[in-house]
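Using the hints provided, position chain Y relative to the given structure of chain G.
Residue numbers (the numbering used here), protein chains in the order written: chain G, 1 to 285; chain Y, 1 to 338.
Careful, some of the hints might be misleading.
Mimicking DSBU-like on lysine-lysine, the simulated pairs with C-alpha atoms at most 35 Å apart in a straight line are [stated by the list, open to error]: (1) G/Lys111 with Y/Lys241; (2) G/Lys255 with G/Lys111; (3) Y/Lys195 with G/Lys100; (4) Y/Lys241 with G/Lys100.
Covered by chain G, according to a simulated footprint, are these stretches of chain Y (three or more residues, beta-carbon under 8 Å) [as the list claims (entries may be wrong)]: (5) 63 to 70; (6) 78 to 86; (7) 107 to 114.
Where chain Y lies over chain G, by a calculated footprint (3+ residues, C-beta under 8 Å) [said to hold, decoys possible]: (8) 106 to 120; (9) 125 to 136; (10) 162 to 175.
The set of hints was computed from the structure by calculation and includes no laboratory data. As the structure is a computational prediction, the values presented were derived from the model and not from experiment. Built from N, CA and C at the ideal position, the CB exists for glycine as well.
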Amino acid sequence: MALTLDDIKTLQAKARQLRCDMVDVTVWAGGAHIGGSLSMADVLTALYYHYLNIQPAEPDWPARDRFVLSKGHGGVGLAAVLADKGYFDKELLKGFNHFKSPFGMHLDANKVPGVDASTGSLGHGLSMAVGMALGARFQRQTWRTYCLLGDGECDEGSVWEAAMAAHHYRLDRLTAFVDRNHLMVDGLTEDVMALEPLADKWRAFGWEVREIDGHDFAQIGEAIEGAQATQGAPTVVVCQTVKGKGVDFMEDQVKWHYGSIDSELAAEAKASIMGAPAVAVAGGA
Amino acid sequence: MPEGTGTTSNVYDANTLTQAEIYGRVLCDLADADPRIVAVTADMTRSTKIGVFQDKHPERVFNVGIAEQNLIGIAAGMARSGLVPFASTMSAFASMRALEQIRTDVCYQNLNVNIIATHSGVSFGQAGTTHHCTEDIAIMRALANMTLIVPADGYETANAVGACVSWPGPVYIRLPRRFEHVHYANEDYGFEIGKAVTVSEGTDITIVCCGVAVYHAAEAAKLLADRDGLSVRVLNMHTIKPIDEQAIRVAVSETHRILTVEEHNVVGGLGSAVADVIVTGGKGCAFAKIALPDCYLEVGNPKDLYSYYKIDADGIVASVRELLGRELEADEDGDDEV
Numbered sequence: 001m002a003l004t005l006d007d008i009k010t011l012q013a014k015a016r017q018l019r020c021d022m023v024d025v026t027v028w029a030g031g032a033h034i035g036g037s038l039s040m041a042d043v044l045t046a047l048y049y050h051y052l053n054i055q056p057a058e059p060d061w062p063a064r065d066r067f068v069l070s071k072g073h074g075g076v077g078l079a080a081v082l083a084d085k086g087y088f089d090k091e092l093l094k095g096f097n098h099f100k101s102p103f104g105m106h107l108d109a110n111k112v113p114g115v116d117a118s119t120g121s122l123g124h125g126l127s128m129a130v131g132m133a134l135g136a137r138f139q140r141q142t143w144r145t146y147c148l149l150g151d152g153e154c155d156e157g158s159v160w161e162a163a164m165a166a167h168h169y170r171l172d173r174l175t176a177f178v179d180r181n182h183l184m185v186d187g188l189t190e191d192v193m194a195l196e197p198l199a200d201k202w203r204a205f206g207w208e209v210r211e212i213d214g215h216d217f218a219q220i221g222e223a224i225e226g227a228q229a230t231q232g233a234p235t236v237v238v239c240q241t242v243k244g245k246g247v248d249f250m251e252d253q254v255k256w257h258y259g260s261i262d263s264e265l266a267a268e269a270k271a272s273i274m275g276a277p278a279v280a281v282a283g284g285a
Numbered sequence: 001m002p003e004g005t006g007t008t009s010n011v012y013d014a015n016t017l018t019q020a021e022i023y024g025r026v027l028c029d030l031a032d033a034d035p036r037i038v039a040v041t042a043d044m045t046r047s048t049k050i051g052v053f054q055d056k057h058p059e060r061v062f063n064v065g066i067a068e069q070n071l072i073g074i075a076a077g078m079a080r081s082g083l084v085p086f087a088s089t090m091s092a093f094a095s096m097r098a099l100e101q102i103r104t105d106v107c108y109q110n111l112n113v114n115i116i117a118t119h120s121g122v123s124f125g126q127a128g129t130t131h132h133c134t135e136d137i138a139i140m141r142a143l144a145n146m147t148l149i150v151p152a153d154g155y156e157t158a159n160a161v162g163a164c165v166s167w168p169g170p171v172y173i174r175l176p177r178r179f180e181h182v183h184y185a186n187e188d189y190g191f192e193i194g195k196a197v198t199v200s201e202g203t204d205i206t207i208v209c210c211g212v213a214v215y216h217a218a219e220a221a222k223l224l225a226d227r228d229g230l231s232v233r234v235l236n237m238h239t240i241k242p243i244d245e246q247a248i249r250v251a252v253s254e255t256h257r258i259l260t261v262e263e264h265n266v267v268g269g270l271g272s273a274v275a276d277v278i279v280t281g282g283k284g285c286a287f288a289k290i291a292l293p294d295c296y297l298e299v300g301n302p303k304d305l306y307s308y309y310k311i312d313a314d315g316i317v318a319s320v321r322e323l324l325g326r327e328l329e330a331d332e333d334g335d336d337e338v
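This is chain G alone, in the form it adopts within the complex:
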């Protein structure tokens, strides 16, 4: 059932709060992949607050839907979401990246409740998601597998090995998202290693392809529901996004792929996220 206007307003408010949480964690962590966390925040919000069938009180619940963050450097974003869902105490995130913390910038599935796969090396997640989807089918389980990839990550050949397999096995309970924010460490994806026509590539690999605005909840919801209704093929949702989305001074800035934020800059970032009037801060970015 399509998201109602009320649903969308609720998700938008939640996404704003989560973006602020991501900013906080970035401060506590001493630096994080904040740009790519903010670009995927709306897709994460839609999944975790509306579509995923999960039980945070029982992280290993066998019938849960699986989520694989193949762009594992977005760990700071996923950790903020998992804390808010109640998988663990949000206070723990104050130790993010610190000595002996369970939270490093790429999340460890054996240390962080709610993480279904340890990721961080790009090009690994979709294969694991294919294995999970095959595992579900083999065990006659109906849970779904979702996998979120970065766009630059699609340079990795192993992504396409997995894409070929997902089509071959007709994994219609597997849905991939590509966070198409157009930026990677060294600049624009099209300058570093051209990805376009990206949607056509997925189509050629046999996937059902949906192209959406990855910050528009109505479109995100429609795409997920469309994927759930698709039979006989996996679905990929190419989400056009903005790196650093929500923080005006980070948006579309390659330098915010990874960055540090002090508390002053964090206040400015959160004000931007909440739509408050811009606060002039001496020495701000």
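Only chain Y this time, still in chain G's reference frame:
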């Protein structure tokens, strides 16, 4: 089916089946009893001999095509969803093409993924360096959580494959391509992961060996007894990680001379693993390795290559004689030391 080794004696005839063929049959039997078991391969259903498994359980074989990274990633995902996958391909591609997936997806997550790596060492010697695999012991030793088994023959393969289902975490089982000499008479000789098997007792020297070298070392021990009157201990160190430190330390203490024999690069293999134990044990001994040289190797059939690189009875006899000729001096405890 009994627990532990998982197989019964003499079910598989190692004299007529290759180690990989035995793997396929054991997997069939294990799968009958355990619905979690699936086989994953990369266009190697025939080469890794899981055809018999495919005939019996076609819905439990997943052939991902020539895509080894995907092979291991999919196996990791399957293990994450509660299955016990056996992933098989040639050792060169398993250990090197898919190394990062083995390390990050399988070992880091400590998943029960069992990797059956065939065509080990120079067992596909004719194929040349691309298909030789003389590095995988060194590589797998360096991966935390990994258990590394190099079976001596088909019977030991049956034992190893059976044992790894209930063994926690990932296991890498290294198998040759075709027929190698069969060392054991059946599967009942006391196989246990992590415990060396004493092939022969002896007091003059200990040969620590694995894989195809076990048969040759046992032959060498007989020759040395007959010709030189030597008492040669032979330890089948089938599990290289975790290695049986106790067996090595006892051998150092009791025989004072250790020779390692393996079909692997001299860097980082069984010999290095044994040397690590010796040098940290605080008691010296005369020590030598027979292994493949640190270079890209000649082409040829395995028998010729084993002979050329001295991984056969004659090569082992010569090395034992050389090692026994080394001078030792007594330390203050009255024990012989180098």
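Compare the structure with the hints numbered earlier in the document and write down the numbers of the violated ones, lowest to highest.
-> none
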